[in-house]
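Colleague: Sequence:
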Amino acid sequence: MFKPLFAQKPITKTISIERYEQRIDDTLHKCFNIQSFRPQQREIILSTLQHKDTLVIMPTGGGKSLCFQLQPVLTERITIVISPLIALMQNQVDGLNKRGITSFILNSTLSKSEATKVLSILNSSNPELYLLYVTPEQIKTQRFQNIMKKLYSVKKLGMFAVDEAHCISQWGHDFRPSYLELSYLKKTYPDIPIIALTATATSKVKEDIIKSLELKNPQIFTSSFDRPNIYFKVIYKDLYETPIQILTQILHQHEKEGGIIYCSTRMECELIEKYISTNGYPVAKYHAGMKSEERETIQKKWESGEVNVVVATIAFGMGIDRGDVRFVIHWNIPKTIEGFMQEAGRAGRDGKPAESIILFSNDDFEREVALNQETSEIIRELCVECSCRRKCLLKYFGETTFKPNKRCCDLCNENTRVKDDLEKLRMRLIKKNTIRVKHPTPKRSPNGSQCSGFTLASKISNQNSSSQFTTASQMLEEQKKKEDLKPKKNKTNDPHSKKITDFFQVKK
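Residues 1 to 508 (UniProt numbering) are what the sequence shown spells out, left to right.
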C-alpha cells in the first residue's frame, strides 16, 4: 500500500527537502539502474518536489524523461504525463513496468478490457500506480476529468508533466491545437505543479508555453543546444551527376550502423528506399501513408537493431529511441531549424561520434523561398554562407559564446574543400541561371521585407514549384500501380513533370 509522504501542500520545511535529497540517489540507482544524474536533472526534480512549476528546455538525448519519472517514485503520488505520441507512451510505459515502476496508458488504442482494467485501478480507493500517460485530447473528456477530480480528492494527484511542450505554441515547428486545452489543468488544480518539457524552444515558444499553461513563476532550466559529438556536414547535390549515389556512399561508410534518412515527401521516401534496397543495402521505409501496424513494426525493428537504416518523412519523429544512431541524413533541406535540431539530435544519443548531413540543392532552396522566406534565409546561411555550421545553429537559439573547433563541422575541418565546392556550385548555377545572386545592398521582397541582400535571379516561375508537388503525388500513384520506379512520359501533360526526378537521373 502507498503511504503519501506529505500533504497536498507545498513543502515549506527544509528538512522535508533534505529527506528527499537523501533518497533521490538511492532511487536513481535502485529503480532506474542509473549511476549518476546528467546536468540539471537533480535540480529539476528538486524543483518539482517543492511544488514549483518548472519549464525544461533540454536537447534530444539530454534525459528529459527522468525529470518527471523519478519524482512520483519518491512521493508515491501519481504523475499524469501528457504526450502527443502513442508510440512514445507505449515505449516509456513498457520500460517503466520492466523496472517495477507501475505505469499505465489510457487512450483510444486500448481494447475494452484493457481500458476497463485501467479505469478500475484509477477508481479504486487507493490506486497503485506511479505514472499515467494520456494524450492531450484525453484531458478534454468528461470521463478523464472525473478521474482527475477523484485522484485529487484522495490526495493521489502529484504532478502534471507536459511532454513535447513546444506543441502548444503556434510559433513552434509542430503546433497542435489540442495542447491549447491544457490551460484547464492549472485553472482547475492551481496547487498541483506542472513540469513542461521540450527539446527545442526559441524565446517566443518559451513565452507561449508559460502563458498557455499558466505556469506560476516557473523555474526555467535551459541546457545548451550543443551536441559536441555530432559533426555537421553539408553536401551539394548539384555537383553530382547522380545525386542519389551519395546515399549509397554514406551507407558504405556506415555499414551495419544505425541511421535515418529524412525526405520531404512520401514519393521521395518510396523512391529512395527502393533505390537503396536494390543496390544491396537493407533499409526500411516509414511515412504517414503506411498503415499504423506497419509503422509500429518498422519502428520496433529499428529500435531493436533488427533494421539499421530507415528512410522516412518527419512522421518518424518525436518519441523514437535508439542510442547508437551514427548518422542522420536530410535528403532535402530542413523546413525549420527547430525541426532540424530535433531530427539531427537523434544521432549519437549514446554520446559517441555521429554525423548530421544535409544534402543541399538549389531547387529545394527555391521551393522553400516560395513557401517561407524567413526560414529559407536562415537555412541559406547555415548551408552556404556561415563560417561554422554549429555556431550558426547555436546562435539561432541564443547561444553566442561558442568557439569553433575542428570537430564542429566540415567548414571548420575541411574549409578549403568546402569553399572549393561552393565556388563550383556558384559557377554551375550561374550557367543554369538559377542562382540567388548577392547584391551590395539589401533588396526588398514583394511584401516589403528585406531579403538579406539576396534577390532571385531565376526565371523559374512559382507555377513551376507548385506543379512539382501535384505531379509528385500523381507519379507516386502511377508507380504504385505499375510497380515501376521510372515515371511514364505519357501520363501527364505537365511540362515540369520531369523536374521531379532530376535527382534520380544523370544531369547533363
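Treat the hints as calculated values from the structure; they're not laboratory data. The structure presented is a predicted model; accordingly, all values stated were derived computationally and were not measured. There could be a bad hint or two in this list.
[As the list claims (entries may be wrong)] Label pairs and their in silico Cβ distance ranges: (1) Asn-405 x Asn-279: 30 to 40 angstroms; (2) Asn-405 x Thr-141: 17 to 27 angstroms; (3) Pro-353 x Ser-153: 46 to 56 angstroms; (4) Glu-414 x Thr-141: 24 to 34 angstroms; (5) Arg-417 x Gly-289: 15 to 25 angstroms; (6) Glu-257 x Thr-116: 36 to 46 angstroms; (7) Glu-114 x Lys-155: 48 to 58 angstroms.
[Stated by the list, open to error] Derived lysine-lysine pairs resembling DSSO-like cross-links, with alpha carbons at most 27 angstroms apart: (8) Lys-52 x Lys-112; (9) Lys-233 x Lys-98; (10) Lys-98 x Lys-403; (11) Lys-431 x Lys-406; (12) Lys-274 x Lys-233; (13) Lys-291 x Lys-301; (14) Lys-335 x Lys-216; (15) Lys-419 x Lys-432; (16) Lys-431 x Lys-233; (17) Lys-395 x Lys-352; (18) Lys-140 x Lys-98; (19) Lys-155 x Lys-204; (20) Lys-204 x Lys-187; (21) Lys-140 x Lys-216; (22) Lys-216 x Lys-155; (23) Lys-216 x Lys-149; (24) Lys-52 x Lys-211.
Ideal Cβ positions, reconstructed from N, Cα and C, are used throughout, including at glycine.
Colleague: A separate judgement is required for each hint: does it hold in the structure or not?
Modeller: Quick rundown of the hints versus the structure:
Range check, Asn-405 to Asn-279: about 36 angstroms between beta-carbon atoms, so the 30 to 40 angstroms window is met. The hinted window of 17 to 27 angstroms between Asn-405 and Thr-141 is violated, with their beta carbons roughly 52 angstroms apart. The beta-carbon spacing between Pro-353 and Ser-153, approximately 52 angstroms, falls within the hinted interval of 46 to 56 angstroms. For the hinted restraint 24 to 34 angstroms between Glu-414 and Thr-141, the CB-CB distance of approximately 55 angstroms leaves it violated.
Checking the proposed 15 to 25 angstroms range against Arg-417 and Gly-289 shows it is violated: the Cβ atoms sit about 39 angstroms from each other. Distance hint check: the CB atoms of Glu-257 and Thr-116 are about 44 angstroms apart, consistent with the given range 36 to 46 angstroms. Checked against the hint of 48 to 58 angstroms, the C-beta distance between Glu-114 and Lys-155 comes to roughly 27 angstroms, which is inconsistent with it. Among the hinted pairs, Lys-52 with Lys-112 is inconsistent with the structure: their alpha-carbon atoms are about 37 angstroms apart, more than 27 angstroms.
A C-alpha spacing of about 39 angstroms is found between Lys-233 and Lys-98, which places the hinted pair above 27 angstroms, so the restraint is violated. At most 27 angstroms may separate the alpha-carbon atoms for a hinted pair to count; Lys-98 and Lys-403 exceed this at roughly 43 angstroms. With a C-alpha separation of about 33 angstroms, the suggested pair Lys-431 and Lys-406 falls outside the 27 angstroms cut-off, and the hint is violated. Between the alpha carbons of Lys-274 and Lys-233 the distance comes to roughly 25 angstroms, so the proposed pair stays at or under 27 angstroms and holds.
Straight-line distance between C-alpha atoms of Lys-291 and Lys-301 comes to about 16 angstroms, which keeps the hinted pair within the 27 angstroms bound. At roughly 33 angstroms between alpha-carbon atoms, Lys-335 and Lys-216 are farther apart than 27 angstroms, so this suggested pair is violated. Using a Cα cut-off of 27 angstroms, the hinted pair Lys-419 and Lys-432 holds, with the two alpha carbons roughly 20 angstroms apart. This hinted pair checks out: Lys-431 and Lys-233 have alpha carbons roughly 26 angstroms apart, not beyond 27 angstroms.
Restraint check: the Cα-Cα separation between Lys-395 and Lys-352 comes to about 24 angstroms, which is no more than 27 angstroms; the hinted pair holds. A hinted pair counts as satisfied when its Cα atoms are at most 27 angstroms apart, and Lys-140 with Lys-98 does not qualify at roughly 30 angstroms. Distance check on the hinted pair: Lys-155 and Lys-204 sit about 36 angstroms apart at the alpha-carbon level, beyond 27 angstroms; violated. With a CA separation close to 23 angstroms, the supplied pair Lys-204 and Lys-187 stays within the 27 angstroms bound.
As the CA atoms of Lys-140 and Lys-216 are separated by approximately 22 angstroms, the hinted pair is consistent with the 27 angstroms bound. Taking the CA atoms of Lys-216 and Lys-155, the gap is near 21 angstroms; set against the 27 angstroms cutoff, the hint holds. For the suggested pair Lys-216 and Lys-149, the alpha carbons sit about 21 angstroms apart, so the restraint of at most 27 angstroms is met. For the given pair, Lys-52 sits about 16 angstroms from Lys-211 by alpha-carbon distance, which is consistent with the 27 angstroms threshold.
Of the numbered hints stated above, those contradicted by the structure are hints 2, 4, 5, 7, 8, 9, 10, 11, 14, 18, 19, listed in ascending order.
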